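Please arrange chain B on chain A, whose structure you already have, making use of the hints.
Number of protein chains: 2
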Amino acid sequence: MSPATKLLAGVELGGTKCVCILGTGPDDVRAVERLPTGEREETLRQIEAVLDRWRAQHGPVRALGIASFGPVDLRADSPTYGFITSTSKAGWRNTDVALRLGRRMGGPVGFDTDVNGAALAEGRWGAAVGLDDFAYVTVGTGIGAGLIVRGKSIFGMNHTELGHIRVVRKAGDKFPGVCPYHGDCIEGLASGPAIEARAGMPASQLPPDHPAWDFVAHGLAQLVHSMVLTTAPSRIFLGGGVMSAQTHLFERIQQELKRSLNRYVEAPELEQGIGHYIVAPGLGSMAGPLGALALAADAEVASAIKPLVTAASR
Amino acid sequence: MSPATKLLAGVELGGTKCVCILGTGPDDVRAVERLPTGEREETLRQIEAVLDRWRAQHGPVRALGIASFGPVDLRADSPTYGFITSTSKAGWRNTDVALRLGRRMGGPVGFDTDVNGAALAEGRWGAAVGLDDFAYVTVGTGIGAGLIVRGKSIFGMNHTELGHIRVVRKAGDKFPGVCPYHGDCIEGLASGPAIEARAGMPASQLPPDHPAWDFVAHGLAQLVHSMVLTTAPSRIFLGGGVMSAQTHLFERIQQELKRSLNRYVEAPELEQGIGHYIVAPGLGSMAGPLGALALAADAEVASAIKPLVTAASR
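Respectively, the protein sequence lines represent chains A and B.
Residue numbers for the first sequence follow the numbering used here, so the first one is 226 and each next one is one higher.
Residue numbers for the second sequence follow the numbering used here, so the first one is 226 and each next one is one higher.
Excised from the complex, chain A in its bound form:
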């Protein structure tokens, strides 16, 4: 098999299901396999079996990408690099994922959070093509964000965990929140489970005129307010189950954001352009698996550039 036809492989590790994907992008997906996220050793063996089978059928892949639920360890110099670390998911605490699957496949391995992967996929193939600085937020079972700065996901001493910032409450909102760590952080206030706890029925079934949405939209607008004043993304994509089921939220969040920023930042994105600033992502339910593929593609580029840079600096 010639190198030109070699493929990328991705694994999206989710809290409830894992998706393995083989291809080169959204228009060239050769295979997708979904399996439930169960007991850790069994799950990882099933993933390895899929990857082994693909290698037997299609030959070695160019690179592997892993987009994982977190928190994960992304410190390159850490003995637990590539691990899922302090997760509350039973049995998955301190699990080597990246090195294990990487050894299995050989070649470059990309590893990042699921939301960072989804953001990078939007930048490579989706609604963020051409943007170097943007953010992808998922509002679903949890709230998470991928912040892309100069085309890359942010990593300092840890990855972004924007879903756990605390936000100002709308007057009259007395809901205590559902986050086991923080109570009323934004995930505790506006994630799917939080909305269900507020309203007594699943977020997807809640009518748009239910009063809970005022509190949820206010909270999400506060999250976006902080994002605008921090990394100042050129566009903010709001995805996940809650946003895709309740599209009325977009305009509510836009209006709450304008009120909250109160014209402090002078930018067309925040005035006449607000409807194009806070928008739905482009890849829909494929953002997660394609995120893993995007991480593979980035890992391949990084491994190809490294020797060039070393040579140039001689």
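Calculated from the structure, these hints are not laboratory results.
Keep in mind it's a predicted model, so treat the numbers as computed, not measured.
Certain hints may be false.
[Claimed, not checked] Cut-off 27 Å, straight-line C-alpha distance, at most; resulting in silico cross-link-like pairs (DSSO-like, lysine-lysine):
1. B:Lys-399 to A:Lys-483
2. B:Lys-483 to B:Lys-231
3. B:Lys-395 to A:Lys-483
4. A:Lys-483 to A:Lys-531
5. B:Lys-399 to B:Lys-483
6. A:Lys-395 to B:Lys-531
7. B:Lys-377 to A:Lys-377
8. A:Lys-399 to B:Lys-395
9. B:Lys-395 to B:Lys-483
10. B:Lys-531 to A:Lys-314
11. A:Lys-483 to A:Lys-399
12. A:Lys-531 to B:Lys-231
13. A:Lys-231 to A:Lys-377
14. B:Lys-531 to A:Lys-377
15. B:Lys-399 to A:Lys-399
16. B:Lys-231 to B:Lys-377
17. B:Lys-314 to B:Lys-242
18. B:Lys-377 to A:Lys-531
19. B:Lys-399 to A:Lys-395
20. A:Lys-231 to A:Lys-531
21. A:Lys-377 to A:Lys-531
22. A:Lys-377 to A:Lys-242
23. A:Lys-399 to B:Lys-483
24. B:Lys-314 to A:Lys-483
25. B:Lys-483 to A:Lys-395
26. B:Lys-531 to B:Lys-395
27. A:Lys-531 to A:Lys-395
What follows is chain B alone, placed relative to chain A:
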């Protein structure tokens, strides 16, 4: 004059004073000139006179850096790139700074906010040497932050304006805040003028056991909480007049932060290392002018790299 002896020039444009600086770094400052920030045309002409004189005495500079109070326009493709834009400072709205002073000097020009400049100076010469991801926060007349990601200041659709995020209030804190845009954003709650409005005396004179500090420390810890979960800096430097006069704030903020994060992020920086994580900057009152010099140094590197990259990509 040989190129090896050519110098860098910097201008820190502050709300009350401007500082012009000539040299190559903190150990090689050849000249510093301070002048009050008055009427705009007069002030800019005085700065130009200083730069002209330096050029006559020392020859052309390698590059000029300008670190300015803001908001400023940093969009490279904007017709008002390099302008001070929507400032509340009388007479300075919509003022071309970077292009005007750059034309005067010739050569590469670096332009950024004063806090981004100070952060870059800390990274180049101060307490952040060796760190690629960190943050510099000033708590003084206002609250502002420079967020450094992969060695560079962040710029998306705008520069960071972290001082205007809204934070959760400590129970019992009824102070309405002093920000003309947002009332009780963090600048409205914990800047020098806010503290003076709370306590009826200047922040620098307030005794450490004054009850206002509980509210101020709580607010600043909330700011840091958001920073930890957003760009996750490897270290956070807290400078400015309030922090340098009231050093008891460091430990209060550290303890409030630990309480607020509640061990959600597992990182040594946030446990036994907290005393080394939230610290004072290293350059003291020279951070501002050295920030302008750091912007000059970065502009020189960028202008030298650009032709190399173009050549390498052919």
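query = Is Lys-231 (chain A) within 27 Å of Lys-377 (chain A), Cα to Cα?
reply = Answer holds: Lys-231 (chain A) to Lys-377 (chain A) is near 25 Å, not above 27 Å.
Has the given pair, Lys-395 (chain A) with Lys-531 (chain B), been kept, meaning a C-alpha gap of at most 27 Å?
Given that 27 Å is the threshold and the Cα spacing comes to 49 Å, the pair is violated.
**Request:** Decide if the proposed pair is consistent with the structure: Lys-314 (chain B) and Lys-242 (chain B), CA atoms, cutoff 27 Å inclusive.
**Result:** Within the cut-off at roughly 12 Å; holds.
**Asked** Does Lys-395 (chain A) lie within 27 Å of Lys-399 (chain B) when you go C-alpha to C-alpha?
**Response** holds, 16 Å
- Distance restraint between Lys-395 (chain B) and Lys-483 (chain A), which requires alpha-carbon spacing of 27 Å or less: Holds, because 25 Å separates the two Cα atoms, which is no more than 27 Å.
Is Lys-399 (chain B) close enough to Lys-483 (chain A), meaning Cα to Cα at most 27 Å?
Since the Cα atoms of Lys-399 (chain B) and Lys-483 (chain A) sit roughly 24 Å apart, the hinted pair holds (cutoff 27 Å).
With the threshold set at 27 Å, check whether the alpha-carbon distance from Lys-399 (chain B) to Lys-399 (chain A) stays at or below it. Holds, because 18 Å separates the two Cα atoms, which is no more than 27 Å.
**Message:** Between the alpha carbons of Lys-377 (chain A) and Lys-531 (chain A), is the straight-line distance 27 Å or under?
**Reply:** holds, 16 Å
Pair hint outcome, Lys-483 (chain A) versus Lys-531 (chain A) [Cα-Cα no greater than 27 Å]: Violated, at about 44 Å.
Is it true that the CA of Lys-531 (chain A) sits at most 27 Å from the CA of Lys-231 (chain B)?
violated, 33 Å
Check whether the Cα positions of Lys-231 (chain B) and Lys-377 (chain B) lie no farther apart than 27 Å.
holds, 25 Å
Given the proposed pairing of Lys-377 (chain B) with Lys-377 (chain A), does the C-alpha separation stay at or below 27 Å?
It holds: about 13 Å lies between the C-alpha atoms, which stays within 27 Å.
Checked against the numbered hints above, the structure breaks hints 2, 4, 6, 10, 12, 26 and 27 and satisfies the rest.
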